[in-house]
Amino acid sequence: MSTKKPDKVEGIVLIPEPSRDFLTERKLVAYGSHRREFLKWLARQGKNPDALEGYAHDTAKNYASIIDKFHRYVWEEYGYTLDINHDAAEDYLRSLVMADDEYSQSHLHNVKLALMTYFRFAGDKWEPDITIPSSSGVSQPRDFLSDEERTALREGALEYGAVPAYSALDPDERTEWKLLLARRYGKPVSEVSEKDWDRANGFKYPSLLHTALDAGLRPIEVSRTRTYWVDVDNATLRIPEDDSSKNEDNWTVSLRRETAEYLARWLEERELYEKYDDTDRLWLTRHSNPYSGSSLRYVLDAVCDLAEINRDISWYAIRHSTGTYMAREEGLAAAQSQLRHHSIETTAKYDQAPVEDRRDALDRMG
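Here full-length UniProt numbering is used: position 154 in the sequence shown is 154, and no number is missing along the way.
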């Protein structure tokens, strides 16, 4: 039995098997053409385009592998595209920094360099916000939520997208708000009704943000969350093995009673929206798509503005803070279950005293 050898360009596999399995035949043609140009550029002029100096073979091969994995991340998070922007690269790099399976600083640095090289190839130079030194630890001081910021986010989620009560507005004010809601929901102003007021003040965003804060949901988990995960009576998420992000185990994740109430109200409300008729995904974007890293960043930035959190944080800061505070309050075993870690060693990195605890310790020390 003979097997066909994979096509190579400059001695590098054109389309690795995981990407080949991921894409349809039509998309394989497009990706193959795009990648062929990239591999040639890497090997022939990637290091110094002006001098037509390419990377050494091992470096080019390593960068090619990294960028192929980056493409698959983008397709899983945002859907298939070859037009990848800087936000996607920033999200990817942060996801690796905050990943449950810790990567070495050397690997993270190489990923950063590979991504920067890829955007040079695309003619869209990128300088990442996140700092990953080549010879010291990963610098990520901003990517953490304090206890006060978590509370502010919960409160901000109750304000996000909300509008004043219909009955409390005079006719001129109603006209102004109708214009806003017409733009938000993509309909003529004449078709905006009191039902749109109820929709604007609904429970989608409170349920999403509060669940993420309780469960430390990864972006991909927000996308995958299903209605049948929700156990309102017992205030838990029950995640089947087949639905878990790493397909490793069944998980039961605790929720606050307040969060369970928001979820109960949202489950009732979502029945009213036609776009949910043929899906059991718990949340969809305004454009009827599953949430991605980019769309979650938009929501988080807006809620941070309402919460007066005046710094740049990523979605993974939510997960990081959930793990840290759960480890503080209930220990590593509780944090391991809450964050759905297969290994206690993975959870151990969250076993660190939050800033406010260390400040209190200093006060006690004198």
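The hints are simulated quantities; they were obtained by calculation from the structure and are not laboratory data. For clarity, every value in this text was computed on a predicted model and none was experimentally measured. Check before you lean on any hint, since a few could be wrong.
[To be verified] Below, computed lysine-lysine pairings styled on DSS-like, alpha-carbon distance capped at 27 Å:
no. : residue 1 : residue 2
1   : K195      : K275
2   : K125      : K61
3   : K187      : K27
Against the structure, the hints come out as follows:
1. K195 - K275: holds, 16 Å
2. K125 - K61: Distance ~21 Å between K125 and K61 Cα, so the pair holds.
3. K187 - K27: Roughly 34 Å between the alpha carbons, so the hint for K187 and K27 is violated.
Checked against the numbered hints given earlier, the structure breaks only hint 3 and satisfies all the rest.
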